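Its first residue numbered 5, the sequence shown is counted upward by one per residue in this note's numbering.
Calculated directly from the structure, the hints in this document are not laboratory data.
Just so we're clear, the structure is a prediction, and the values are computed from it rather than from any experiment.
A couple of the hints might just be wrong.
Unchecked claim - Dumping the calculated DSS-like pairs for lysine-lysine here, alpha-carbon to alpha-carbon at most 30 Å:
#, residue 1, residue 2
1, LYS178, LYS322
2, LYS152, LYS337
3, LYS485, LYS448
4, LYS52, LYS225
5, LYS290, LYS73
6, LYS394, LYS336
7, LYS458, LYS420
8, LYS514, LYS435
9, LYS246, LYS152
10, LYS225, LYS235
11, LYS246, LYS207
12, LYS464, LYS445
13, LYS152, LYS483
14, LYS296, LYS207
15, LYS45, LYS394
16, LYS452, LYS483
17, LYS237, LYS249
18, LYS458, LYS483
19, LYS246, LYS452
20, LYS140, LYS296
21, LYS237, LYS458
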Amino acid sequence: MKTYQSKSISKKTFILTFLLITVFSLTIFSQTDEKIEQLDKYFEEAIKEWNVPGMAVAIVKKNEVILSKGYGVRTINVNKKIDKNTLFPIASITKSFTSAAIASLVDEGKLSWDDPVRKYLPYFKLYDPYVSENMKVRDLLCHRSGLKTFSGDLLWYGSSYSREEVLRRARFLKPEYGFREHFGYSNIMYIAAGEVVEMVSGKSWDEYINEKFFEPLGMAKSNTSLTELKKYKNIARPHTEKDGKVIEIPYLNWDNVGGAGAINSNVNEMAQWIKLQLNNGSLDGKKYFSRKSSEEMWSAHTVQAVSRSILWPSNHFKAYGLGWGLFDYHGKKIVGHSGGYDGIISYIALVPEEDLGFIILTNKNSALYYAMFYKILDVFIGDIDKDWSKIIHEIVMSRDEANKEKKNSEILKETKPILDLKEYTGIYGGKLYGNSEIFIKDGKLYLKFLPSPKFVGELKHYKYNTFEIEFEYFPSLPKGKVHFLIDENGKTEELRIDVPNPDFDFTELKFLRL
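Could you put together the complete structure from these sequences and hints?
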């Protein structure tokens, strides 16, 4: 009898436990469905509020893709919907692939995180011999070279320079900080990291990324070249806002940026990348890089300042790892990275403690991705109901109004150039960038960057020896100023350019009359 009762109790306990697990599981699934439904509606409304043509989002939770969907259209010019397979440039999210490529080579014993860069790239030189000799592979990946954020980006942006030539010219860049003393986001150092991958593996960075990650992960459409991107029809087109209107802008070839930002992908395939990351380098029985390397990439290498604000009171730390940005939100560690191609803005985020990851791709220059990023986090880990789309949109609109008022206050009465237009013409150049040309066409003065022919614009007189310039091929860039310095003989000896924008420092370029 005792045995029988024991079995009966055991059986009842099993049934009860099974029912509880089933009910709990159904509750969890129901809650997840409710969250996705909530976000789905929010995304639809947000792209309208921000006047963004389209967006794609994928969310991974506990190794399952719980959302992979497109919203809006690929371009304002054709009513073709964005879907989960629509390709976008992911720009600097590429850095997580380059870091993982280095990690895989470290795991294979082919190099060390702390090997000198010049061991693999003998031509690598920066502003100081000590820095050149002591720059390590790790330093390339965590933005502590001493260069300021985005320094030298005009060397590759729109230019005909190869990856190697960009690196060779980087020695003329001037530092902003001491070596390893301060965070300075550097695309050029990631170009170098990509070239290290090539030298160590014997394959180009592009080939290595394709063979090591794209092919085994089933990322069949993902690629590393604008030339490859154009082979597909289902691609998002870049957009920006100009004079109050949303316009489509042309693609610019970024192939020479390589390991810093050359990848094109879609949310469906990037979900595989998120799964791999959340599983610390292994997926479906295959190891791509070790857990140790995963932890290394997610560890703080370069500490950044935290600006506490009323919007983010729970933010206590901020740092950069190896190919990933790191910070905390609602007590959880967030591992993420943005991507900024002109007219295509994106963000990838991982919350390892919650086994949660997501990617947001948008096809217009805007901060929409930023609002969606915080909304997704709040829905899954914040348990609060802030309307981030409205909050951040109002901040952006207020900032834009202030800039517009400042711009209007700078309007001057018509004046005439001090010199005859032909006196400004000629070739101006320097060691860092190369040459530019000032020439007259149809009675108007123009500036053209010879290494980047698309950088050409008319010079409209502003005052004295200063002219306004607008690069028509790059409508995302504001109007800038070109100032001519005059020598004691009344001849032009130098031109200086300033185009105020957050991405490219035109003041770094030195153009002396040749």
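Now the hints, each set against the structure:
no.	hint	in the structure
1	LYS178 with LYS322	holds, 26 Å
2	LYS152 with LYS337	holds, 26 Å
3	LYS485 with LYS448	holds, 16 Å
4	LYS52 with LYS225	holds, 29 Å
5	LYS290 with LYS73	holds, 27 Å
6	LYS394 with LYS336	holds, 24 Å
7	LYS458 with LYS420	holds, 28 Å
8	LYS514 with LYS435	holds, 8 Å
9	LYS246 with LYS152	holds, 29 Å
10	LYS225 with LYS235	holds, 10 Å
11	LYS246 with LYS207	violated, 42 Å
12	LYS464 with LYS445	holds, 13 Å
13	LYS152 with LYS483	holds, 23 Å
14	LYS296 with LYS207	holds, 25 Å
15	LYS45 with LYS394	holds, 15 Å
16	LYS452 with LYS483	holds, 15 Å
17	LYS237 with LYS249	holds, 25 Å
18	LYS458 with LYS483	holds, 16 Å
19	LYS246 with LYS452	holds, 22 Å
20	LYS140 with LYS296	holds, 19 Å
21	LYS237 with LYS458	holds, 25 Å
Checked against the numbered hints given earlier, this structure breaks only hint 11.
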